[in-house]
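Working from the sequences, and respecting the hints, build out all of it.
2 protein chains.
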Amino acid sequence: MPSYTAPVKDMQFILHDVLNVSQSDVRGYDELDRDFTAAILDEAGKIASEVLAPLNLVGDREGCRLENGMVHTPTGFKAAFDQMRAGGWTGLDCNPDYGGQGMPHIMALAANEMFTGANMAFTMYQGLTHGAYSAIHAHGSEAQKAKWLPKMVSCDWTGTMNLTEPQCGTDLGLMRTKAEPQSDGSYLVSGQKIFISAGDHDLSENVIHLVLAKIPGGPEGIKGVSLFIVPKFLVDDDGQIGARNSLSVGNLEEKMGIHGNATCVMNYDGATGYLLGEEHKGMRAMFTMMNEARLGVGMQGLAVAEAAYQNALIYAKDRLQGRAVTGAENPDGPADPLIVHPDIRRGLMDQKSFVEAGRAFALWGAQMIDSSMRKDDAAAESLVSLLTPVLKGFLTDQGFEMAVLAQQIYGGHGYIEEQGMSQFARDARIAMIYEGANGVQALDLVGRKLASDGGKPAMAFFDLVKGFCKDNADDDEIARDFVEPLKTASKHLQEAAMYFMQNGMKNPNHALAGSYDFMHLFGHVCLGLMWAKMAIAAKAKLAEGADDAAFYETKIATGRYYMARRLPATAMHLVRISSGADTVMALDVANF
Amino acid sequence: MPSYTAPVKDMQFILHDVLNVSQSDVRGYDELDRDFTAAILDEAGKIASEVLAPLNLVGDREGCRLENGMVHTPTGFKAAFDQMRAGGWTGLDCNPDYGGQGMPHIMALAANEMFTGANMAFTMYQGLTHGAYSAIHAHGSEAQKAKWLPKMVSCDWTGTMNLTEPQCGTDLGLMRTKAEPQSDGSYLVSGQKIFISAGDHDLSENVIHLVLAKIPGGPEGIKGVSLFIVPKFLVDDDGQIGARNSLSVGNLEEKMGIHGNATCVMNYDGATGYLLGEEHKGMRAMFTMMNEARLGVGMQGLAVAEAAYQNALIYAKDRLQGRAVTGAENPDGPADPLIVHPDIRRGLMDQKSFVEAGRAFALWGAQMIDSSMRKDDAAAESLVSLLTPVLKGFLTDQGFEMAVLAQQIYGGHGYIEEQGMSQFARDARIAMIYEGANGVQALDLVGRKLASDGGKPAMAFFDLVKGFCKDNADDDEIARDFVEPLKTASKHLQEAAMYFMQNGMKNPNHALAGSYDFMHLFGHVCLGLMWAKMAIAAKAKLAEGADDAAFYETKIATGRYYMARRLPATAMHLVRISSGADTVMALDVANF
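Top to bottom, those sequences are chains A and B.
With the numbering used here applied, the first sequence covers 19 to 610.
With the numbering used here applied, the second sequence covers 19 to 610.
To be clear, the hints were calculated from the coordinates, so they are not data collected in a lab.
For glycine and all other residues, C-beta sits at the position ideal for the given N, C-alpha and C.
Hints may be right or wrong, so weigh each one.
Stated by the list, open to error - Derived CB-CB ranges, DEER-like:
1) B:Ala497 with A:Asp600: 16 to 24 Å
2) B:Ala497 with A:Gly236: 55 to 63 Å
3) B:Glu435 with A:Gln258: 34 to 42 Å
This is how it looks when you write it as structure tokens:
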């Protein structure tokens, strides 16, 4: 069975030596000193390793069961969930007014990376609740917040997001679910929603569904969509749970992975719902929490990749097979461990260099979200909005690829379910699809974000990289191994953006045909930037005479690998982008 | 449920217009005129679409069951297997002396691509039998061939290959299974073998296991391994089935995919076995059929990718979501079909351009194998040996990637098992692992094949590409769109080989750290060559005034896509390779 070790040291390095969190003037960051964050991360790590990881394979094997309209979660999930709730982990970054711990989002992201790496399907129950909490927190009336939030912060009640219908996923304008206004101000919601993660289960007393629906007579298409709070059980004004609402689980989907999470078909048959935010402004309400939700999914990509990597590494050190080409390294044994082989090293370094920079990228994203939410930092808000599709799309694509690579290191044993490596790959796969499929992320990036606000956020990013390169040109070693490759990659990114500007005007297909490559090109530049920052931070620690020199030297060496071996992908993406739409759109549909 | 349409027209184009099979002087090729191959392929395609494809999801869902030591295959497998046997499909390219149809291997590969695309797990039962047939045919005594082969050609008896043990996969020198010689010339085989595909089942009367084992007192390690025929039921001299042999199924593995194929733990408890070939020369016996077996696995990669692509294409034409950025293309409908979106096109073109060139590459490989087996063509033998790791490693890596891409086009529906797209990805995954994991293929390519015979096969490949480019430089359009990109890619491949030569001497890690990238670089050059050949053939057909102009124009346009969008990956692989082993091997094992 796979194990999970919390990457506390790595997170501490990023938080304190790279992002310098405790020196930030963002509200709450002053409390994030090394000891405090270490205490939080150690404790979260313990739960991840000891409570959640042992349930991961169980959850995959048992899956959820639908019996008499009730969903049952796998053995052990309820007890573990109670433990998460008791420890306050479900409300780490929630508003203290509603019982939350009030910590910055960056701490919640770090803790959730551990929980997700240990058990992604399990952690989704509270993840979805957090999304629903955020929507109510941002758009609910005071009365709504008082009524729903405290129980959601504690996960006594969990939440869901209901967007997709059989005929519409990305294109929510095709939505059919209706909400009929009632005389008491509530609505009767009717329709079918599919792919509802954590849609029903036995972990909480109530499930608070946030449901997108159309109020009859409203505008056509996406502009006529409103958001509703639709609880599984109605709740009276004293907060007591009352009658069962008119909604039911139509089916539990059989999926490729995340078997421990209940993916439900939800049927609403005139269920009582309460408008959240304004009429017909449902999409706007969804958008306000989108950066956070998509960052959370991006984090899932790297979290599962981390867990898969850890186990691949253990296996590579353990499994004896063949001899090092440069001479036996385990001469007294029957063979050398896999890790002596250069191609196994390549696989491990691909994973390690992705996960560590991906983590820095995600935590940087969380820092920007905190800055925008807690300091009204418009520049941070606009930069993280630009980067959100990259965080989501790139980290999940690469996360899956790395989980597959980790599985590959196990050889045939990786294909056998009892080893758990297949589960990592199967679980990681969903993150490329939900919360906006990665092709939609690429479309959002190129079709919307890149040109938003006259291209200012993109210019700000380029300036940031340029400034960074300028500031760090003096150290020859850093300049050669990190700054120069980053400059080249960033130049590729700018050339690609320029190509879109020059060619997308006359034919937008020239931009959109390169959107996916652009998302990956952008992702590599971001990870290159993260590695450059980490290398500089590590070098500073070494110069200070830090205790654990090997840790910092390893950081620099891992970064060098990324710059030499992974970052050069930017040139390929640029070539593809610059080839335009002609070959992409050449065929008549009938000739495919 | 996914459907499968046999790509007969495409195969006919490759066989006749690209590979010109009927003009070859290889024995049996003169019979392969257009009508004959069309008849074979149409018939195989019908079985694939109508008999095997409908059982694919059934096989995945039901899997195999082990009850009272007997393995039961999924519903419908036995009837379908009987139909395959009755039609003579199991012995298409087998020796007529033993009841085979005697056709060239290229026809068997084409038919098996269809069977595999329709139902990979099912087709493996006869695929494994064919491998065992080939080993006995090549290394058996006349008496052994007469005794075992006729029933194996008809698949009355099926075959297996037993190599892996719990402690050894790639490194077979660690093998523990023993074969004790008996006074009657037979051996008693004892030990445990794992991951035995088609290890037991209810499709045939007998299972003929080929088992690698060590004869006590023989040489240490890999040089002391011999190959044995170990039947499930003993067979008397009249060919009648007798007593049950001392072997049993210890377990059925639960796997990520190919659930319809029984992957067994096989326990041999002093089972009676018969030496096949010479003592201690078991590995040599395995090697003689390795090109064919590995080509067969490479074919699996593209076969499943083809099936996944077909269904992604249907979905992309069908599913209405969003509007074309250049203006509605289905203005009367609620939305446009997915296929109008440039990023969906990119995904489809990636798949289409891979599958069609991958098929040409695999069929070219089969043509070379036929040439080597039926004409003693040493040049073909040495070239296909060089290309075998590329055929296996590249086609299966890309095949899986394309199956994942096809799944992605389905969005959330791709993650739901009932749609069947997840199965394609899960099934395709194994082809990267078995028959030598792809890292081992890369090692074989760079560590063995590239330098074999003083590098002559590699030089022959470079000369072949060079000659081809020279011969086709006159047509401006072909030169610009196909020949020039191919030249550039081939130059990258030669530079990479040169890098290995110059740096691998002083440190072999410099070669092996780039082996995986080299395999992919090589694969792209091969597919680039295939596209150039196909484009030229298509252009010739157009010049002839062929009926179906759209088919040939589509070929050229699809090829242009590959050259513009996929082939440029060669530059990235070269950069990675040229970065050498330093960053790859930089970390001490303890510092990972």
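Comparing the hints with the structure gives:
no.: 1; hint: B:Ala497 with A:Asp600: 16 to 24 Å; in the structure: holds, 18 Å
no.: 2; hint: B:Ala497 with A:Gly236: 55 to 63 Å; in the structure: holds, 59 Å
no.: 3; hint: B:Glu435 with A:Gln258: 34 to 42 Å; in the structure: holds, 40 Å
Every hint, counting from the list given before, is met by this structure.
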